[in-house]
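S.K.: Just need the whole structure built from these sequences, with the hints factored in.
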Amino acid sequence: MRNRVLMGLIILARLGGAMTVHNLRCEYDVDPIGIATLQPRLSWTLRDRAREQMQTAYQIRVATTLAALEKGEPLLWDSDKTVSSESVHVVYDGTPLRDGMRCFWQVRAWDRDGKATDWSAPAQWQVALIDPASWQARWIGPEASHAPAWGDLTLTADLVLDADAVGLVFRAPDAANGYMWQLNRALGAEPLLRPHVQQNGSWKMLPAVSLRAFMADGDQPKPHRIEIEARGATIRTRIDGKLADERTDSTFAAGTVGFRTSDNERARVNALTVVDAAGAVLLADTFDRANPAFPKLKVENGHLLVGGGMHLYTAPLPKECPRLRKTFTVAKPVARATASVCGLGFYELYLNGRKAGDRVLSPPNTPYANRILFDTLDVTPLIQAGDNAVGLWLAPGYSDDYSQWGWKWERAKRAILQLHIDHPDGSRTTVVTDPSWQAGPSPLTFASLYDGEVYDAALAAPAWSTAAFKAEGWKPVALFEPTAAAFKPNTMPPVRVIQTVRPLAVREPKPGVYVFDLGQNIAGWTRLRAKGPRGTRITLRHSELTGSDGMIDPWTNRRAKAADIFVLAGSDTAESYEPRFTYHGFRFIEITGYPGVPTCDDVTGCVVHADVTPAGSFLCSDATLNQIYSNCLWSMRGNFMSIPTDCTMRDERTPCQMDSLAYEDTALFTFWMNSYYTKWLDDIAGGRGNPDWNGDTVFLPWRLYLHTGDRRILATHYANMRAYIDALHARTPDHIYTQGFGDWCPPNDGSWQGYHGDVTDVNTCLYAALARIVAETSAVLGHTAEHDTYTRLSEQIVRAYHEKRYNTETATYGDGSQTTAILPLALDVAPHDTREALARRLVATIRDTNKGQLDTGIFGTRYLLEVLCDIGESDLGLDMLTQPEYPGFGFQIANGATTLWEQWSVKGGMNSHNHAMFAGVGAAFFTRLAGITALRPGFDEIGIRPVMPKRLAFVKAAVETVKGQVAVHWRRGADGLVVEVTVPVNATARIALPAPDAKAVTPRGPRFVGMEHDRAVYLAGSGTYEFRIR
1 MRNRVLMGLI ILARLGGAMT VHNLRCEYDV DPIGIATLQP RLSWTLRDRA
51 REQMQTAYQI RVATTLAALE KGEPLLWDSD KTVSSESVHV VYDGTPLRDG
101 MRCFWQVRAW DRDGKATDWS APAQWQVALI DPASWQARWI GPEASHAPAW
151 GDLTLTADLV LDADAVGLVF RAPDAANGYM WQLNRALGAE PLLRPHVQQN
201 GSWKMLPAVS LRAFMADGDQ PKPHRIEIEA RGATIRTRID GKLADERTDS
251 TFAAGTVGFR TSDNERARVN ALTVVDAAGA VLLADTFDRA NPAFPKLKVE
301 NGHLLVGGGM HLYTAPLPKE CPRLRKTFTV AKPVARATAS VCGLGFYELY
351 LNGRKAGDRV LSPPNTPYAN RILFDTLDVT PLIQAGDNAV GLWLAPGYSD
401 DYSQWGWKWE RAKRAILQLH IDHPDGSRTT VVTDPSWQAG PSPLTFASLY
451 DGEVYDAALA APAWSTAAFK AEGWKPVALF EPTAAAFKPN TMPPVRVIQT
501 VRPLAVREPK PGVYVFDLGQ NIAGWTRLRA KGPRGTRITL RHSELTGSDG
551 MIDPWTNRRA KAADIFVLAG SDTAESYEPR FTYHGFRFIE ITGYPGVPTC
601 DDVTGCVVHA DVTPAGSFLC SDATLNQIYS NCLWSMRGNF MSIPTDCTMR
651 DERTPCQMDS LAYEDTALFT FWMNSYYTKW LDDIAGGRGN PDWNGDTVFL
701 PWRLYLHTGD RRILATHYAN MRAYIDALHA RTPDHIYTQG FGDWCPPNDG
751 SWQGYHGDVT DVNTCLYAAL ARIVAETSAV LGHTAEHDTY TRLSEQIVRA
801 YHEKRYNTET ATYGDGSQTT AILPLALDVA PHDTREALAR RLVATIRDTN
851 KGQLDTGIFG TRYLLEVLCD IGESDLGLDM LTQPEYPGFG FQIANGATTL
901 WEQWSVKGGM NSHNHAMFAG VGAAFFTRLA GITALRPGFD EIGIRPVMPK
951 RLAFVKAAVE TVKGQVAVHW RRGADGLVVE VTVPVNATAR IALPAPDAKA
1001 VTPRGPRFVG MEHDRAVYLA GSGTYEFRIR
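For the sequence shown, this note's numbering assigns the number 1 to the initial residue and increments by one for each residue that follows.
Rather than coming from a laboratory, the hints here were simulated on the basis of the structure.
Treat the hints with caution; some may be incorrect.
As the list claims (entries may be wrong) - Simulated crosslink set (DSS-like; lysine-lysine; CA at most 30 Å straight-line):
{"#": "1", "residue 1": "Lys296", "residue 2": "Lys470"}
{"#": "2", "residue 1": "Lys488", "residue 2": "Lys561"}
{"#": "3", "residue 1": "Lys71", "residue 2": "Lys81"}
{"#": "4", "residue 1": "Lys851", "residue 2": "Lys950"}
{"#": "5", "residue 1": "Lys907", "residue 2": "Lys561"}
{"#": "6", "residue 1": "Lys319", "residue 2": "Lys531"}
{"#": "7", "residue 1": "Lys355", "residue 2": "Lys296"}
{"#": "8", "residue 1": "Lys355", "residue 2": "Lys531"}
{"#": "9", "residue 1": "Lys355", "residue 2": "Lys298"}
{"#": "10", "residue 1": "Lys242", "residue 2": "Lys204"}
{"#": "11", "residue 1": "Lys488", "residue 2": "Lys355"}
{"#": "12", "residue 1": "Lys319", "residue 2": "Lys475"}
M.R.: This is the structure in C-alpha cells:
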C-alpha cells in the first residue's frame, strides 16, 4: 500500500500541470514602444508545477495586427517549430522591419516530453524612428539665443600671453560667426595683431599689424591691457593705452565676446570688462572665483586660463518654462497615434488639454555633445477626429547651473516633435514642429534642478493645449539647426512618480513655520493642497535633517536651495500643486506662508525615480539587517534617475561612475536593470580614467552578461573594453596603479586625504580584475589571441602587486587595513598559497586592531561580508554591519537613517545622507546568506550555497532572473534546518547544503552527487524542493 501511494505521488509530481509561457519581453522589456534596433531579441519564461521541466523546442510568430496573429496569417515571421532550449535573446528573423513599425507576437514551447504549450498571450513592440531620414520635424523654441547682442562696445582684457597666441572675440552672433582679433607672438617672431572674420565657420584673415612697438616682451611674457573699441564699422585697437590699429569693417553689427585659441595658444586673463558706448558696464570680471561666464575654462589664482578652442560669453540661461503650441485637424478616424518627441532641457507633451503619459524629468540626461535621446509615446487616446491642439512645455533641465561634473545642456530651450496619426484605411496624418508653432508663457516662472520652482497658479491657463484656446500675445517660434550630436531613441525605463508617502507628523517650531516628517528619506517632491487669497505665496523647503530646535537643517543640501514656491490663484476650492521640472532629496518639509494651518492630509511626498521593476526580495530574522537592506533599496532607487547619480539632495547629482561601480551587483539582484544599464553603458563609453572610476565600462558589460547571458552587450562594448585596458597598461609599465579615489570614504579624520583609502591597493586589484574580465570576454566572443594577451596581462599585474605590496612577515598587503586583505581575496588577486594566512590576518585585524568594527570605504564594504562568509566568519561580518556604535550601518540606523549615508559619521566633509555607493554590501545578502549565484551566464545553471550564521534564525530571498524566479528559504527549527529551494523551468541548480554527511539530509526529489568538504551537494531541475538537515 505504501509503495502504491509513493508511486502515485511521483506520477502526480510529473503530471502536476501543463507548461505555460509567460513574461514575453522584447529587448528586455514588456511591450516596448520605441525600440532602437531592427533585429530585436525576444525572451520568455516558462512555468510548470512538474519538476525537472525543460523546453525542447519553441515556435514564434509575428504579425503587424492582432487579427493576423490570431489567424496565423499573414505573418512577418513564423519560426516554425525550432528544436532549441533557448528562451532568452532569440533574434527576430522575419520580414525586415522598418521605422515606426508595430509588431504583435506570441510564442509556444514544447516540454521535455514533446508536448506543446498553448500559445502565449500576445505581446507587442514598436520600432522607433531610427533612421534620421525618417524625421521631417524641425527643432523649434521660444528664443533663438541667450547670447548677448552687443553692438557698439569697448572690450578690455588684462592678460599675459603664455604661449604663441590668443584671440579676442567680439560681435559674435554665435560660435561660427564674428570677429576674432588675434595677438600672436610665436617665439622668435615679430608680435602681430592678426584680425580675422569668421563667417559660417570659415575664417578670413584681414591685413596684419606689427606690434613690435607695443609688445616687445622678449622671452618673458609680460602683462598687457588690450582694448578693442567698436563703433559702427570703425574698430580701434589699443595696447596698454596706445592706439595700435584702426580699421573699418561692417560684416557684423552685434554679438557676444569671448576667446579663441588652438594648439599652442594660451593666455592668462586677470580682468575682463565690456562697456557700451555710453559707458554702461555690460560685463566685468576679475576672476577671483569660479565664474559660469566661461564655464569650461579654469580659474586659478585670480586668472582665467584661456585655451582649447572657442569660448563665448553667454548670459545665464533663462529659468522660466515656456510653452509651445499648434492646432491641427484630423479628418479621419484614428487607429493609432505615436509621438516621437524631445524637449531640451526637460519637456512635457500635451494633447487636447491632457498630458501624454506619466513620465517626468524627460528626456534622460546623457552626454549631450555626443547624443540626444528622444521618447516614443503612444498617444492614441488623446487624439480626436476634428480639431486638435498639441502643446510642449519646456524647462531648463540639466542647464548651465548644473554641476561641472555632470553633462549639461547649455543651449537655448528647444523641442522637436513628429506625430504620426494612422487611420483605419492605411493612410497617415503627420504633425511636426515647424515655423507654424507659437511660443508663450507659463505659470512656471522659474525652474532649477537644484533650487526648485516658482509656480504662479494665476497664470495657469489650463486650456493652453486645447484647440479652443486663444493664444493672444503668443509669438512665432524660432528655428534651430540640429546639433552635431547623434539623435537616438530613448529605451531606458522612464522616470515616474512611483509612489506617495503620507507624513507621519507635523510640528510648528516657530509661529507660522510648519515642519512635516515623512518618516522616510526620498527623492522627489512635495504635493501640496491649499486654499487662500489670490497672490498668497507659500514656500516649501526640503531637507534630510532637522536641528535640535525642530527647524529643518539644510546642511546636506550644500548650495541647493531645494525650495518650491506656490502662488495661489485664489480659487473658490482648494488648489493643488506639485513640481514637474525639479526634484529634491529630503525627509522633512518646511512650509511657510500657508493660509491657515496645514495638516498631514494637505501634504504628500511624491517618490520619483526611474521605473525599474523590482526583481529581488530579502528578509531575515535580524531587524537591523532588514533595515540595512531597506536602506540599500531606498538609496539605489532615489539615485536611479535618468543616470545613476551620486546623491539626491545637494548641488551635485552627477553621473558618478565610481559609486555605480560599487553597487551594481546589488542592483542587478534587486531590480530589472538591463535596459537602464544598457543606456548607462552608452553614456559612459570612452572614459579612460582610473580603475575605481572608469572601470565601470568593463565591469558592467560583464555583470550584465553573467545575469542575462547577453553576448550582444559584450560584443557592442568589446572594443571600448579593450581600449580602456590598453590605456591603463600604457600608463602603468610596472603594473602598479597609484592614482584614483581608492576605497572612498572609510572612517577618517575629516581631511580630504582621509577620504582616499588605500588608493594603490584598490586600483591595482581592480586593474587586475578588469584585465581578467577582458580576457574572459575575448574568449566568449571567440578572440583567442586577445584572450591570451589579456590573461598574461592580468597575471603580470597580480605578480607585480604581490611582489611590491605584500609583506611576508605580517601576511598583509599595503598598510594592512581591512580593505587591503578583502580586495585581494574577493578579486582573486592573492596567490592561493597566501590566502589562508591573509584571511587569518584579516580576522585578527578586525578583532584586535579595529575592535570588531569595520574600517572600510565603498569597495572594502562591497566585499566585506562575502569574504567573511567565505572564510567561515559570517557572524563576525554581521556583527560589524549591525553593531550600533560608530562606524557601521547599525550606527546610521540608530541615528534615524532610512537611507545610506555618504560617510560613516553623521556630519563631515562628505555630507549626503542618501548615497547609494555603500549599497554594494547588499549583494552578499543574495550570494552568501541566500547563496544564489549564476554558475553559467543567464542562470542556465544556478548555484545554491547558503551560508547560515548562528545569529540568524531564517533567511528568505528570491530573484527574478531571465529564466524565472529563483528562491531560497532556510530556517532553523527544533529538529534542525529546513531549506526550501525553487528552480525555474529551463534551468538546473547545484545545491550545496551544510551537513556532516549525506545521511544528515532528508531531500525530497533532487539527485545527491557527493560531499564537498562540509556540504552535501545535489543536482536539481526545475521545481520546488525541501531539505531537512539534522
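S.K.: Against each hint, give a clear statement of whether it holds in the structure.
M.R.: Okay, the hints, checked on the actual structure:
1. Lys296 to Lys470: Given that 30 Å is the threshold and the Cα spacing comes to 43 Å, the pair is violated.
2. Lys488 to Lys561: It is violated: about 33 Å lies between the C-alpha atoms, which goes past 30 Å.
3. Lys71 to Lys81: The given pair, whose Cα atoms are some 17 Å apart, holds under the 30 Å limit.
4. Lys851 to Lys950: holds, 20 Å
5. Lys907 to Lys561: Between Lys907 and Lys561 the Cα gap is close to 19 Å, so the pair holds against 30 Å.
6. Lys319 to Lys531: Roughly 27 Å between the alpha carbons, so the hint for Lys319 and Lys531 holds.
7. Lys355 to Lys296: Violated, at roughly 37 Å.
8. Lys355 to Lys531: holds, 25 Å
9. Lys355 to Lys298: Given that 30 Å is the threshold and the Cα spacing comes to 42 Å, the pair is violated.
10. Lys242 to Lys204: Holds: Lys242 and Lys204 sit about 26 Å apart, inside 30 Å.
11. Lys488 to Lys355: holds, 23 Å
12. Lys319 to Lys475: Answer holds: Lys319 to Lys475 is near 19 Å, not above 30 Å.
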